[in-house]
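Chemist: Chains as they are written, first to last, in the working numbering: chain A, 1 to 338; chain B, 1 to 338; chain C, 1 to 338; chain D, 1 to 338.
Hints were generated in silico from the structure; no laboratory data involved. Incorrect hints may appear among the rest.
Stated by the list, open to error - Derived pair list, reagent style BS3-like, types lysine-lysine, alpha-carbon separation capped at 25 Å:
1) LYS45/A with LYS268/D
2) LYS3/A with LYS3/D
3) LYS3/D with LYS268/A
4) LYS199/C with LYS209/C
5) LYS268/A with LYS144/D
Spelled out from the first residue to the last, the chains are:
4 protein chains.
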Amino acid sequence: MTKSLRVGVVGAGAMGADHIDRINNRTSGAFVSAIVEPDAGRTAKAAENAPGAQTFAKIEDAIAADAVDAVLIAVPGQFHEPVLIPALEAGLPILCEKPLTPDSESSLRIVELEQKLDKPHIQVGFMRRFDPEYNELRKLVAAKDAGELLMLHAVHRNPTVGENYHQSMLITDSVVHEFDVIPWLAESRVVNVEVRYPKTSSLSHSGLKEPIIVLMELENGVLVDVEMNVNVQFGYQVTTEAVFEQGLARIGQPAGIQRWSAGQFSVKDHEDFTTRFATAYDRQIQSWVNAVHDGTLVAGPNAWDGYLVALSCEAGVKALEEGGIIPVEAEPRPDFYA
Amino acid sequence: MTKSLRVGVVGAGAMGADHIDRINNRTSGAFVSAIVEPDAGRTAKAAENAPGAQTFAKIEDAIAADAVDAVLIAVPGQFHEPVLIPALEAGLPILCEKPLTPDSESSLRIVELEQKLDKPHIQVGFMRRFDPEYNELRKLVAAKDAGELLMLHAVHRNPTVGENYHQSMLITDSVVHEFDVIPWLAESRVVNVEVRYPKTSSLSHSGLKEPIIVLMELENGVLVDVEMNVNVQFGYQVTTEAVFEQGLARIGQPAGIQRWSAGQFSVKDHEDFTTRFATAYDRQIQSWVNAVHDGTLVAGPNAWDGYLVALSCEAGVKALEEGGIIPVEAEPRPDFYA
Amino acid sequence: MTKSLRVGVVGAGAMGADHIDRINNRTSGAFVSAIVEPDAGRTAKAAENAPGAQTFAKIEDAIAADAVDAVLIAVPGQFHEPVLIPALEAGLPILCEKPLTPDSESSLRIVELEQKLDKPHIQVGFMRRFDPEYNELRKLVAAKDAGELLMLHAVHRNPTVGENYHQSMLITDSVVHEFDVIPWLAESRVVNVEVRYPKTSSLSHSGLKEPIIVLMELENGVLVDVEMNVNVQFGYQVTTEAVFEQGLARIGQPAGIQRWSAGQFSVKDHEDFTTRFATAYDRQIQSWVNAVHDGTLVAGPNAWDGYLVALSCEAGVKALEEGGIIPVEAEPRPDFYA
Amino acid sequence: MTKSLRVGVVGAGAMGADHIDRINNRTSGAFVSAIVEPDAGRTAKAAENAPGAQTFAKIEDAIAADAVDAVLIAVPGQFHEPVLIPALEAGLPILCEKPLTPDSESSLRIVELEQKLDKPHIQVGFMRRFDPEYNELRKLVAAKDAGELLMLHAVHRNPTVGENYHQSMLITDSVVHEFDVIPWLAESRVVNVEVRYPKTSSLSHSGLKEPIIVLMELENGVLVDVEMNVNVQFGYQVTTEAVFEQGLARIGQPAGIQRWSAGQFSVKDHEDFTTRFATAYDRQIQSWVNAVHDGTLVAGPNAWDGYLVALSCEAGVKALEEGGIIPVEAEPRPDFYA
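Excised from the complex, chain A in its bound form (with noise of 0.2 Å):
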């Protein structure tokens, strides 16, 4: 049997919690072995779901203590760097919750320390890249059986939002995870971003302009529109529509159990994305787990894709902001990251 990976777990918050008791309930050959979080209050209550694990204020005293193997990295992303740069000098596996920073400038920076080791250290919490479906449809594009892609129609529809929740955070917080994906599903970077606004709905709190339509041009001629919608009130959606030359598929649609009653036949929606993600959550954990024992320590996106991610954004605000279409210019990728 080889031995557990001990993984410290920076955060214990709501994301942090979660990833703790997934790491120890449903994860094989892992285990949390330290909780690094400055407020005691969450540590505590951390360290009661974490038999046996250590706490400590700074990921530095953690490795200083030698009691990690690998670093999950699940605080607020403005906070990651200060993690993210300790850990990659101590030569530690990063899983980063997305996003890695919050700003193109940054994230450059990190994927500069990183190419100092022998190879990518660092995986970015991108979980969409490991549901099912979204995996089902990648092959479907890549095997071009209905043709070539031609457009995606994408939609991510939330009940609410907070009032903390501001007009970017449309795009870096929500669209983001469009930003990962969609390249990836149709294996093509995008040049270019346009925001347009239909009717705003009256549920959104003061200051949002919601939904948006956010449209994106590939480098392979592809186009995508994103319905990005927070105040929807009726369930939790992310889907997409591949549009082939001589096909669609449609993946995200509700399942499970049918229902009829009071002359209506109906399937229920998901509430928020720990169900509709749920898979994509475990398979994201188990697959980096399985990666670190191997030696490849990355299965899924990389810093440089959190670069990507990062230049999309900044276009995406300037969209929303500006109007008109935004080109998004990225630096050369290293063959470190080929």
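For chain A, the structure is supplied; the task is to place chains B, C and D on it using the hints.
Modeler: Chains B, C and D only, in chain A's frame:
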């Protein structure tokens, strides 16, 4: 332009009124020339919707007045025979609502009388044969492209029934439709009938013991189960699933506008037979009118089919009351109905 | 019984022949009294299916012979004006296949001529307004029970088009339907149009650059995206998804018989507009005949609607050719069309 | 961190190999410490996927070597008893693949032996109880929010079976799953069984007379019909439709990616039980491992449930061979299994 067919509608209750509307407002080549109804109030109301129609208390009077080219019978089943006899004797084409007559003995009298004419003149109003989906399913059965038909799972669910609906009507008023349409679908007659009792619905009025499961075996070996369920509250459903050697086909599923709200994807079901079978009723009458114009006279189930259904109903009622597998034995089919 | 309406059908090509069959065999209260068509071969063939109809080479001759009570125009759009003018001058009710005329200038001439009559006499054949699902969706929009309508995602996919189908016909022959039905659905006129290009299908014949995405903004703020795609090979699809503040509704989904075979559950899609809109065509004609009988004359889109559609088409073609967001500016609506 | 459970897997055929993969690669808190298999070739192959596992020819040897904390039995049913006895005598927790034993007499011997322990130690591998949809349906039944459950329509269709699959296996190998899961769903035991024969599929190998319809009546009056069909060619389907007084619920419908091509909308069905019940198998093992860790030992169907299923199978085989309604009579349930 062909002369328009003068139709006498016998019975001006709900069903008669519906046929009057259909003939005058949605049927090409025919109009209602006479309403035959002893109740003066009903007659007056119906006449409002049939401008120019004469009214009669008895079919004999309408015939004597030479007021009709064809007869549509929409009175309750126990009153069919006294209308059928004079209409047959006058040599008129007849569309007779189901059932032909309430029992096999009287049905046999009618088929004997009809055989004195040159060809069949009676069409029985089993309108399911005109439903587009039943027709498509029948073609699939005949085509055998998924192999032989092995069994059928049928369902007939009503939201509710009135207090006057009694136990044997489960067979004679409801399963009666399956006794006609299934032999037509599968091209083989019913040879025996069994009834099994699930748990009884507490929503059925006192004295009614339902739902029931009716099992019919056809001469060609196909086994049919029918869920007959008359107090489901939640909608009107008439569905059939055909199991072939190498495939399935299912008709009668909810269709139409799809909605998402309150976390659910839903499609509205039918509320009653008027919407579920609207097209079937319209096509039934148009086909019959066309058949009268071209001299065929009958474009659907004939009186012999009506007699076979009466036999199946008698076996069904016996199975309901006594249990066990009850055989259905018919006279040989006369060449007249070949 | 009301006297049957004598309809003169102008044009005996495929569309005219279809209308002749509909009027004579599936419509109550009307028959084809005249066929107006200069081509003797077409006339002869059409006359076979319209027993008793007179034939004329020109509409003026049919009017002079007092052979028609109403006119149905089924010649190509560029020939509409010379038929509309004498028919209007004769004060006849007219059902004119879409478009009213090929450009806004000629459409404006027609609406000016029509205003010399006591009320609108022209109905334009945008038959989608008679489709049951579009009607149901329109009621949902008006009811606001899921809140305000925010946007519409529409799709129009054809299996293929002929070699004579050229680039601007994407707008004038295909999106033209959306330009009529969407303002009617959303009760607000089109104010601007943009066209974006996805990857071009290699199945399109040379010179055709499609699919396209058409974005229309309505006066009430609703944003509409239309995928217009004319070589999809796999079926005929016309669908609309309405996004409300608190719910969704979707029309035009595949329905009908469900099949399982070879490891797949499937439902057949439509092959072309004749089956998808069969009910809409029938209801359009029956409604128009009824409107002529009751003196309303018009039961659907009128000539003013036809003029507005011509304006949207002109903006759409410009957007197709030049890019950018093209405004649609209309004359004020005369009270005559209120 | 809890000590990892050392599981001895008995039987290294297809099912055993699948469990070894599951325990070592997708299960938290357990690993395969021993493979018990007399066939050296199978043992060698299985050992490759279970690094560090010891191998034994007999369960007694593994127990004597203190190599296992718990036992998973994956040999054919007729070999269960000789493994169950020594494992029970050693006081080990056991996950025994279905059936417990091949007949009710031997099952009764096992439940008697098990009662010498302090609590139940055997869980029987009816994995459907761990399928998310079955669980959701069971909650609906218990909640009674659509009224009482009246009947169930179940379907079990296999693409094909091998030549060694003989007539009684329709009951003992296939319907056996329904005999466990349906009483659990409906919370009531089977009281009688009837079998009816539809037309026999010509695709069944000689000697096999199927499909069959199995009717089971539960103690609470619920009637269950099961279509058992093992040569359908077109896919693997295990579905259940529950009919309540005021509603329906249906599980096991095709889901996943939707495609349109060649004029059809389609969804892929399952090919076999490994994909249909992948989640159920994973959850079954994880739940059992967790139950062993927390001292509950059993987290699913126990040996008494296994005995009841054996009784139903005996009645089912009799019904298959002799016809009529065959009663199922069980011993009273000991408090030990309450």
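Chemist: Take the hints in turn and mark each one as holding or not.
Modeler: Hints, one by one, checked against the model:
1. About 44 Å separates the Cα atoms of LYS45/A and LYS268/D, which puts this hinted pair outside 25 Å; it is violated.
2. For the hint pairing LYS3/A with LYS3/D, the CA-to-CA distance comes to about 13 Å; that is within 25 Å, so the pair holds.
3. Between LYS3/D and LYS268/A the CA atoms are separated by roughly 40 Å; this puts the pair beyond 25 Å, and the hint is violated.
4. About 9 Å separates the Cα atoms of LYS199/C and LYS209/C, which keeps this hinted pair within 25 Å; it holds.
5. As the CA atoms of LYS268/A and LYS144/D are separated by approximately 18 Å, the hinted pair is consistent with the 25 Å bound.
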